[in-house]
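Student: Chains as they are written, first to last, in the numbering used here: chain A, 1 to 244; chain B, 1001 to 1244.
It should be emphasised that the hints constitute simulated quantities derived from the structure, not laboratory data.
Owing to the predicted nature of the structure, the values given are computational and were not obtained by experimental measurement.
Careful, some of the hints might be misleading.
Here are the computed distance ranges between Cβ atoms for each label pair [stated by the list, open to error]:
id, chain 1, residue 1, chain 2, residue 2, range
1, A, 67, B, 1195, 57 to 63 angstroms
2, B, 1147, A, 234, 51 to 57 angstroms
3, B, 1230, A, 231, 53 to 59 angstroms
4, A, 231, B, 1104, 54 to 60 angstroms
C-beta atoms are modelled at their ideal positions from N, C-alpha and C, and glycine is treated no differently.
Number of protein chains: 2
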Amino acid sequence: MNPAHALDNIRIVLVETSHSGNVGSAARAMKTMGLARLYLVSPRCQIDDQARALASGAVDVLEAARHCETLEEALYGVVHSAACTSRRRDLPHPAYTPRQAAPELMSMARDAPVALVFGSETFGLSNEQLMQCRWLLNIPANPEYMSLNLAAAVQVCAYELRSLVDGNVLPLPSFEAARHEEIEAFYRALETTLVDLDFLDPLAPKRLMPRLRRFFARAGLEREELAIWRGVLAAIEKAKNRPD
Amino acid sequence: MNPAHALDNIRIVLVETSHSGNVGSAARAMKTMGLARLYLVSPRCQIDDQARALASGAVDVLEAARHCETLEEALYGVVHSAACTSRRRDLPHPAYTPRQAAPELMSMARDAPVALVFGSETFGLSNEQLMQCRWLLNIPANPEYMSLNLAAAVQVCAYELRSLVDGNVLPLPSFEAARHEEIEAFYRALETTLVDLDFLDPLAPKRLMPRLRRFFARAGLEREELAIWRGVLAAIEKAKNRPD
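Looking at chain A on its own, in the form it has when it is part of the complex:
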């Protein structure tokens, strides 16, 4: 497969963007790097003249944007996702620079959709939203002023992906990755089982599920592995209801 085609599988997901100009600028940044799949989650702005003016020659990308109610909807079907954030978290998901992350993101994107997620200009992404993504992306920046404009962050990340297309050979993933919605369904089933086991107290859950999410995010789940884990959960439920 032509590595340029991997770019066709890259979704740029903008969450709750406030300024239409930034949506337009992000579309332009995408197209200059060969990306076309823009997803807008609950945008706080319209696709207006300002957006079209700043999209410049990338109005086609802007007009083809998919509008979603939730981040989950935008991540439907993806096999990998990375959330761009400048903030440090107390419970860090695996965090990489765009350069470190790009080879694996592009490798996964040869076969299936991959999402890069960007939060709102003022509030970024919530912890809940961050946790839906497998990796965090931290753009190296001036520690005294890390605040890249939204479209500038899209430009840098897209540039890193693009840099792998020209002249580099990407390794093919040797397995089938589980999809976002399958993994989320597994997390829900896992939580239910842990509650059934009295291991997780729903009234005092502490940080158990976030910690387990982080662990699974670090590994990345293949489809066959997910089937194994679901089998384990089913066996636990069965054993629990069958005294021996």
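Since the structure of chain A is already known, use the hints to place chain B on it.
Tutor: This is chain B only, laid out in the frame that chain A set:
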């Protein structure tokens, strides 16, 4: 010398810029990457409210910009210069990607000023202006739409310089990794539990344990995570022996 100080010697030179917003956005892009020396050659716009709004937290960079009549004036004192251009020229100047050029530019900037030069939004740089610079910079781009916004081009080039300062190394949270023998003991306990659950048939184990080992190996186990997993196993064994 601290490599971050080399950034103090990088001049960003904007030639005949038309839109004040782009000057402001370029200032912001610079500051996020730790650059502060902005030179404006015959700007076609004023430093107005639009420029200040888009500079956001980088108004200081904007206000400190040096205004020059000519490119020659902006290049006074520099020991190296590179002109960003997407166009192929008949002039066979050395052309590099920002990534290829960054090490030498930063190396030179440790001792003396180095300039990155960006042309106007519509006309770019004239051949005469290009010839005043030592190198050309070509940002890898979509051949069907190479038109990066001016500030986006500044962002990408500044990001490449910055990446040499931080060495691409993000300080990772210092978790305590589980030890080999602890992990092996966990695998044995996991195997026992899976047999107890009738999920693993010891007479026909197939590839289940090797697959699970591979999964855990990919994630890498921290000590606290290992404690969680051991807790889960204990909860399963307890639930199994307690009909409810």
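Student: Taking the hints in turn, state whether each one holds.
Tutor: Going down the list of hints, with the structure as the test:
1. Our hint of 57 to 63 angstroms for residue 67 of chain A and residue 1195 of chain B is violated, since their Cβ atoms are close to 50 angstroms apart.
2. At about 54 angstroms, the beta-carbon gap between residue 1147 of chain B and residue 234 of chain A stays in the expected band of 51 to 57 angstroms.
3. Checked against the given bound of 53 to 59 angstroms, the beta carbons of residue 1230 of chain B and residue 231 of chain A, roughly 21 angstroms apart, lie outside it.
4. A hinted range of 54 to 60 angstroms holds for the C-beta pair residue 231 of chain A and residue 1104 of chain B, which are about 56 angstroms apart.
Hint violations for this structure: numbers 1 and 3, all remaining hints satisfied.
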